[in-house]
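*Asks:* Chain by chain, the residues:
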Amino acid sequence: MSFFGNKRLIIVLVGLVLLITVMGFTSRERENLTWPEMFTKDVFSVVQGIFYRPAQAFSGFIQDVKSAYNVYEENRALKASVDQYAQVSSELSILQEENERLREQLQAKSQLHDFQLRFAEVVARNADQWNNVLTIDKGLQHGIKKDMAVITSRGLIGRIESVSNFSSTVELLTDIERSNHISARIYPLTAVGGKTAQAPQTGQTPQVGQTPQTGQSPQTGQTPPQAGQPQQSTQQPVDGVIEEYDPQQRLLIMRKIPVGAKIVPNQPVITSGLGGVVPRGLPIGYVAKVQPDVLGLTQTAYIQTSADFSQINEVFVVERSFVVTPDGQLVPSTQTNGSGQTTAPGTTGTPATSSGGGQ
Amino acid sequence: MPRLFLTLTLLLLFLLEGTILQVVSPTAWGLPWQAVPRFALVGAILVSFFLGRREGLYYGLGIGFLQDILYGHIIGVYSLTMMVACYFAGLVVLLFQRNLAVVFVTVCLVLFGHEWLLYSLYRLFSTSPVDVQWVISNQILPSVGCNFVFAVLIYLPLSRLCEAVDLRKSARHE
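Quick mapping for you: the protein sequence lines, in order, are chains U and R. Numbering of the first sequence is given in the numbering used here, commencing with residue 1 and proceeding in unit increments. Numbering of the second sequence is given in the numbering used here, commencing with residue 1001 and proceeding in unit increments.
Simulated from the structure, these hints should not be mistaken for laboratory data. Note that the structure is a prediction, hence the values are computed from the model and not measured. By construction, the Cβ of each residue, glycine as well, lies at the ideal position given by its N, Cα and C atoms. Possibly wrong hints are sitting among the right ones.
[Said to hold, decoys possible] Simulated coverage check for chain U against chain R, where a stretch passes if three residues somewhere in it have a Cβ under 8 Å from a Cβ of chain R: (1) 39-45; (2) 75-83; (3) 287-299.
[Unchecked claim] Counterexamples of contact, computed for chain U against chain R with all Cβ distances above 10 Å: (4) W35; (5) N70; (6) Y72; (7) V88; (8) S183.
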């Protein structure tokens, strides 16, 4: 009797030790998956795809029916934005032409924002707060690599966390873990014809974040010196790193912005392409509010994502043509045998238009 | 044969979690709370009621392991929590007389305990803590509610399936 009791105890203990070992081993950032994991993921991604496609089609139908009710307002809003679009596109072509000419004179090769897109479909999703991930139906065989950026037609949604042969796992921006560090740039509001060109689509009322909550220390950090640089500070783009996601307010957080930088709500936030494999020019979202830091030395910007995270059906995986190595060198990514969607380096298309054309 | 059928049912529930239920989840329709479907876990807990804690433990371990491999960053977290949840479910039913009220109260408590264990594990290791009150009111309670409703729905069919498995098992012993 006691022998059996002991045996069971030993089995439980060995099992626990084994489990903790596995947890410790896998908790680190791993470069590659082991083959059993790849195999399981591939098999399940195929089966999940069979379940998910009809469900998507059904929900798409429901959404269509719902949106049929506000066609009128939508049409009016679209008409207004089409007027702006003509203006913006003409401005864009002028700027593009000028940019190219100047670049030629400088003999500068643009490398940061050359990229190619690969289309992929979502086959499964985990809504768990702790592991907010998607599974997509493209993998190593299709040239997908770890850490590539993933976008929808409306903006950045995450990065490739792990790849197996025919599927890969996308870690969303909304994941709670702090492994998603994205270098981003807050651009000034561009005024076109008196109106701001970019306005958030969502009906969220941007709070006025400039008011300090308590009348304590942040006073000094909040108001930039008025006499010094009134105009220039509004015109300068601000670089920073998006560090975290706040699940309560559903906003991304960018910390450590210098106090002098003046940021107002609705400014667009776009990837800066500095470091890593995320190219320049992928839209992330809009500034929702700005608050002084706890110490009052820096500012914190809260960013509303432009991509809609509630329903993600199709995504694009972004492969950058040039990758920054850990030593800081720009190296052409060797993958050029892509599935037909190669953009020659130096293509004039800006990222915005090429991502629009890809869908 | 019934055993295979039972395993396939749990597997199917697991597949539904990641695919079809994502379309009907409250977040997809813009509601503030987040209900995480854990239907496979509910199935494993019920199995643990009907077939004993040992079997429940194995099924919980299997489903947790799948969850870890397919969606998790760290392999072992869900294996641990789901295993423990199923084992305790089987244990509680041994202590009390099994009737409907006890079973459903136990399901609720075990589901809550599972989410709570998950939260505490991630709180322990995660670098960015989340407010407890918010997590309870916006994530844990809606999840427990949604899964409890599912447990009520699946109780009868699954009990029949488990009885068939049990019959087959006792027939083999004799």
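*Asks:* Now tell me if each hint is right for this structure.
*Replies:* Structure-based check of all given hints:
Here's how the segment 39-45 of chain U fares: 3 of its residues keep a CB closer than 8 Å to some CB of chain R, so the rule of at least three is met and the hint holds. Proximity of the segment 75-83 of chain U to chain R, defined as three or more residues with a beta carbon under 8 Å from a beta carbon of that chain, is not established by the 0 residues found. Counting residues of the segment 287-299 of chain U whose beta carbon lies closer than 8 Å to any beta carbon of chain R gives 0, which falls below the threshold of three, so the coverage claim is violated. At roughly 12 Å from the closest C-beta of chain R, the C-beta of U/W35 stays outside 10 Å, upholding its exclusion from the interface.
For U/N70, the requirement that its beta carbon stay farther than 10 Å from each beta carbon of chain R is met, with the minimum near 14 Å. No beta-carbon of chain R comes within 10 Å of the beta-carbon of U/Y72; the shortest separation is about 21 Å. In this structure U/V88 is separated from chain R by more than 10 Å, as the shortest Cβ-Cβ distance comes to about 30 Å. At roughly 19 Å, the least C-beta separation between U/S183 and chain R is larger than 10 Å, which holds for a residue marked as non-interface.
Going down the numbered hints, you'll see the structure goes against 2 and 3, while the others check out.
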